[in-house]
Structures are given as C-alpha cells and as structure tokens.
Amino acid sequence: MSDEHEHHDHGHSHAPETRDAGSQALAEALRSSFAIIKIVMLLMVVAFFCSGFFQVGPQEKGVILRFGKPVGEGQKALMGSGLHWSFPYPIDEVVRIPITEIQKVASTTGWYFTTPEQELSGEEIPAGPSLNPAIDGYAITADRNIIHTRATLYYRIEDPIRYVFNFVSASNTIQNALDNALLYTAAHFKVDNALYTDVAGFQDAVEQRVSELTDQEQLGIVIDNCEIQNIPPRQLTDVFAQVTTARENRNKALNDAHSKANGIILQAGAQAATIVNQAESDRTRYVASINADAKRFSDLLPKFESNPNLFVQETLLPVMSQILTNVQDKMFLPVHADGKPVELRLMLNREPPEPKPAVQNP
Amino acid sequence: MKRNILTVIVGAALVVIFTLLLFTFQVRRSEVAVVTTFGKPARSLAEPNLYFKWPWPIQKVYKYDARVQNFEDKFSENFTRDNIILLSSVYVGWKISDAGTFIKTFPGDPLVSIPNAQGKLESMLRSAKIAVIGGHTLSEFVNADTKELKFDGIENEIEKTVQGELSTNDWGVSLEFLGFKKIGLPENVTQTVFERMKSERQQYISQYQSEGDSEAQKIRSAAERQAAETVSKAQAEATRIRAEGEAEAAKTLPIFQQNPELANYLLRIAALQQSLNQKATLIFDERTPPFDLFSHLPTNSSSSNP
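Residue numbers (this note's numbering), protein chains in the order written: chain A, -14 to 347; chain B, 1239 to 1544.
Hints were generated in silico from the structure; no laboratory data involved.
Being a predicted model, the structure only gives us computed values, none of them experimental.
From the three backbone atoms N, C-alpha and C, an ideal C-beta is built for every residue, glycine too.
Don't take each hint at face value.
What follows is a list of derived Cβ distance ranges for each label pair [claimed, not checked]:
id: 1; chain 1: A; residue 1: Gly37; chain 2: B; residue 2: Glu1315; range: 25 to 31 Å
id: 2; chain 1: A; residue 1: Asp209; chain 2: B; residue 2: Ser1365; range: 56 to 62 Å
id: 3; chain 1: A; residue 1: Tyr139; chain 2: B; residue 2: Glu1449; range: 56 to 62 Å
Calculated cross-link-like contacts (lysine-lysine; reagent style DSS-like; alpha-carbon spacing at most 30 Å) [unchecked claim]:
id: 4; chain 1: B; residue 1: Lys1333; chain 2: B; residue 2: Lys1301
id: 5; chain 1: B; residue 1: Lys1385; chain 2: A; residue 2: Lys175
id: 6; chain 1: B; residue 1: Lys1298; chain 2: B; residue 2: Lys1358
id: 7; chain 1: B; residue 1: Lys1456; chain 2: A; residue 2: Lys175
id: 8; chain 1: A; residue 1: Lys175; chain 2: B; residue 2: Lys1312
id: 9; chain 1: B; residue 1: Lys1301; chain 2: A; residue 2: Lys245
id: 10; chain 1: B; residue 1: Lys1301; chain 2: A; residue 2: Lys54
id: 11; chain 1: B; residue 1: Lys1398; chain 2: B; residue 2: Lys1342
id: 12; chain 1: B; residue 1: Lys1388; chain 2: A; residue 2: Lys175
id: 13; chain 1: A; residue 1: Lys89; chain 2: B; residue 2: Lys1333
id: 14; chain 1: B; residue 1: Lys1388; chain 2: B; residue 2: Lys1312
id: 15; chain 1: A; residue 1: Lys245; chain 2: B; residue 2: Lys1456
id: 16; chain 1: A; residue 1: Lys54; chain 2: B; residue 2: Lys1333
id: 17; chain 1: B; residue 1: Lys1342; chain 2: A; residue 2: Lys54
id: 18; chain 1: B; residue 1: Lys1385; chain 2: A; residue 2: Lys61
id: 19; chain 1: B; residue 1: Lys1456; chain 2: A; residue 2: Lys237
id: 20; chain 1: A; residue 1: Lys288; chain 2: B; residue 2: Lys1489
id: 21; chain 1: A; residue 1: Lys54; chain 2: B; residue 2: Lys1298
id: 22; chain 1: A; residue 1: Lys175; chain 2: B; residue 2: Lys1436
id: 23; chain 1: B; residue 1: Lys1278; chain 2: B; residue 2: Lys1358
id: 24; chain 1: B; residue 1: Lys1388; chain 2: B; residue 2: Lys1358
id: 25; chain 1: A; residue 1: Lys61; chain 2: B; residue 2: Lys1342
id: 26; chain 1: A; residue 1: Lys61; chain 2: A; residue 2: Lys89
id: 27; chain 1: A; residue 1: Lys89; chain 2: B; residue 2: Lys1342
id: 28; chain 1: B; residue 1: Lys1312; chain 2: A; residue 2: Lys54
id: 29; chain 1: B; residue 1: Lys1436; chain 2: A; residue 2: Lys237
id: 30; chain 1: A; residue 1: Lys54; chain 2: B; residue 2: Lys1291
id: 31; chain 1: B; residue 1: Lys1278; chain 2: B; residue 2: Lys1312
id: 32; chain 1: B; residue 1: Lys1301; chain 2: A; residue 2: Lys280
Just so you have them, the derived chain B footprint on chain A, three or more residues with Cβ under 8 Å [claimed, not checked]:
id: 33; segment: 21 to 35
id: 34; segment: 48 to 57
id: 35; segment: 159 to 170
id: 36; segment: 249 to 258
id: 37; segment: 281 to 292
Go ahead and model the full structure; you've got the sequences and the hints to work with.
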C-alpha cells in the first residue's frame, strides 16, 4: 500500500510552481528523496527477478513447480547441479531433492538391543535369560524358533518426483517394508534354513518381498541389493555352535566312509580284473598245451602204430633216465639168491614244516 | 516524460506483484488446501495450481501435506485364536484425501490436527487388530508351508477392516497400505521358547552323532557288499572262461581217440615225469627197467650194496 502513496507524492511534486526559497528547498528535498525511492523501487524489481536464480548442488536435483505443478515429466523435470533460473514466487517454486547414486536403509526391528558404539567396539552386553519386547527385536521362524535378523537395503530412486511428492518420508516407508519383509521371510523359513542352509534363499526372499511391497506402494525405487545377517539368540549361541560341530563331525565321518568305500570298490574291481585275466590266460595256456599235445600225439601216432613195443622202449628210457637224475635218493633192492623177496622196513619222517608258515603263525 | 513513464511501469509492476501476493496462493503437488471464509470451510482444493482468495481477515488458507504419512502403533498384546499372546506392531501409510472433510473432523492447525487424526486412526487400528488377530492361529502367522501361511491375508484383513471404518466415518482420510512392523512374544514366553530351542538343539546333536556312526557303517558295508559281488561275478566269469577253454580243448578229443592206448601211455608218462620231479625217493627192484640189467650181474655184488 505504501507504494501507492509514494506514487501520489510523485504526481503532486510537479503540480505547484513554487518560487520562494523555503518551498524550493522542500521541493529539492522531495525530489532527492523521490530519487532514492525510485532507486529502491528499481532495486526491488531487479531483486524480484534476480531471486529467480538458484543453484543446485552436486548431491541434489532441482524441480521447478509452476503454480504448484512440476515442470516437465519424469527425468526431464530434474535439473542437475549448476545455476538455474525460474520465475520468482508466486509463479514458480524450486524444490531440491537430495540424491546420491545409491540410497541405503537399515532394518530396525529384528536385532537385540545394542548401540552403535558397542557394535563398533565389538563389546557384547551379556544377554539376560529372556528378550525384552520393548527393546530387543527378533523374528519368529516357521518352526517357532526365535532368531535375530537384520538387513541393509541399497536402492536407487527411479522416480524422484513420486519419491518426494507422494511421501512424507519415503525412506521411512522403505524401512517399514524392509522390517516387514524380514518378519514375513522368517515366518516361512525354518530356523536351520534361515541360519545355515539357505541364507541366500532367505536374502532373495527378503529382497523380493521388499520389492513387491515398494512396487505396491508405488515408491518409485529400484532395489539394488540387500544384505542380511541372521544369528541364533545369544542365549543359545553355545548350543547352536555344538550342533554345527556335531553336524560337521557327521559330515566328516560320512566323507571318510565314502572315500573308504570307494577304496574298497576300486580294490574289488582290480581284484575282479585280475581273476578274469588269470582265467583268460589259463584258458589260453590250457588250450595251447592241449593243442600241442594233440599235435605231438598226431606226430607220434604213425611211429607207435608201426611198432608199439619199440616205441614204448624208446620213449620210456629217456624219461626214466631223466627221472633218475632228478630224484634225490635212489635205492635198489636186488632179489635174494633164493628168489624170496627182500623185506624192507621204512620209517618215514614227515617233511619238516617249511619256514614260511612258521613265521606267519605268531 | 520518459522518466515518468518508466517510473509508472515500475510502480505498476510492483503493485501487480503485491496484489498477486495478497490475493493469490499456490497449492503444490504435495498439498491439499482448504479456504475458509470467516472460519467456515468454503472451498477444498486438491489439484496443484494458482488460486485466488480474499486477503487475510476475510479468507484463510489451510494447507495440508497430501503425501503419504507413516506411523506405527504401539507394540501391543493380542490373543490369537489358539489363545497365544502375540505382540505386534503395524505400520500404516495414510494420507489426507479430502481436506474439506478433514478440517471438519479435525479442525485447527495441521500441527495439532494431524496427530489428532493419527490418534483416532490408532484406536481404530487397535480394535481392528483385536478382531483380526483373534480370528487366526499362530500357525497362520508363521508356517513353513506358504499355503498355510496367512501373513499377507492377516495384514489385508486388518487393512480392510480399518478401510471399512474409515469409509463409514468419512474423515477425509484414506489408508494407503498397512503391514506388520514387529511381531513378538511376551518376555517370559521367550524364555520358554529358548528352553524348547535348546532341547531341540540337543536332540540334533545326539542325532548327528549317532547318524554319523551308523551312516558311515552303512556306507562301508554297502561298499563291501558291492566289492564281494564284483569279485564273485569275476569268479563266475573266470569259471565260464575256463569252461570255454575246456570246451575248446574237447574239440581235440577225436585226435586222441584215434589211438587210446597211445594217449593213455603219453598221459601216464607225463604223470610220472611230473610226480617224480623233486624230493622223491625211489625204490626199485631188479624187474624195473632199466635196472633189469642188474639181474644179469654176478650175485656177490649184492652184498656190497646196503
């Protein structure tokens, strides 16, 4: 309203023609103050338009709202870092969206009470006999065991307009979804799967659930990845560790048994091959010797048939002489002169036992 | 007068700007607004745009955040259908959908009215949870069988119940989503759960221990059986091969049958050769050739031999 006043004064200052020194001085004073006002007005207009300049930092994006509506759609609405200009309020308004490449959110409701300092120093407060629902978080597994679980979710903002203009605190909403996903996943995983045998499956299930929830809620984010950590309750750390040891021992015993079994089977295979090969060579040898015998028989047959007695004499004598050279002891018993047979008594000692079995016995 | 025209333009621009500031307001995309005329709601505005209003004493603008707001209720105890006390806390995403209706139900400054609305919503939620959780067993909250698991279903039921309440009450508030934030058991129950878990673990330990021994035994004996089988098969094979050899050898039989006497003689001579190969003692009388030669010697030679 005050501007309109100045305006009026401005109109008046030209109307009366004053000649006396007093009014001239007054006119002079008015003129100079009016000049100041004009400068101030000009400055205000300039300032008004200059206020349209704004800066966007490196870790943020700018969005211009013209009469409340974002200018441009999707990625086009986002202005990168640098100097920009928009119409001043009340036409345009600038909203800055803090953005880093990857956003991170951690779960809050699955872990026992601990402070970041304790976490860093690795110091553990001794666990009480029970879990206080007010401060200790945990999840219940499908087989109604209690485990502690926590997750860190990494995500990118795909649609910053939705992320900022549709949610008071989108990161909070994502955190809720993450907490929910941990509960939901634990609720259909058995404790051993969640802790040991299917940790990767657990992680995938959490990621999938978060992704489903955030899609339903239309947060405009893309899940990058999700890291989870599951542990048994601290009250039962020892007994869980013992199970692990027992399981490892069992696996070791089984592995040993398997390798031993393999040894046995391989050895049996080798033995079988030996037996078969032996038989093969026996057969070959046997057949060959029979054939040789047959050949010899065929060769000898004409000779034998021509004179069997001579043949026997001829063949027996060299054999006898060979036998007699081989034989250790030879005794010849002549017949008594009176023609009675000689009586001979022999005391036969068994052969002394050979040294080899004697060694094996003890 | 050039200078005066410029001055007039500048002045006029300022007048326009100040008038705009006084007579207009913006509703942003993230907002809904209500214009009150002398305190009574006159217009409710949901679309982002520039709007006109009378300056302050006549009309006033209340702007609300139209975005989804989060809150979670207290971690509270409810009975399940199978009489188990279950602690649960849910998060909800809600928003002001109709500012005109909202301001009638929750008048005053947004800083006061929004927490009021949340309080109302929370008590609505509390009764919904009593009803819904009371209708389900614990095994519908946690179950390895995803067909039996009704986690989602329970969340949906609570959401539907609250949404139903909201639509009958018409507060200008809508529920966007709802889910469990936390589920737990009473403190003393956790202790009994621990005891049960511990005994389960101990069962596992003994099971693994005995399993290790017996399984190893089984594996070894199976291997031994397999080995024996392999060897006996090989032996059968060997017998077959030898029989084959004998069959083959039998083919030579007709040759020997040409003169059985000779065949018999050759066999006997071979047997003799083999049996007297070594460490044998032979006792002869003078009828055995070639010693029959001795019988023609003078008899006195016999006394020289012992």
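Hint numbers contradicted by this structure: 1, 2, 3, 9, 18, 25, 27, 28, 31, 32
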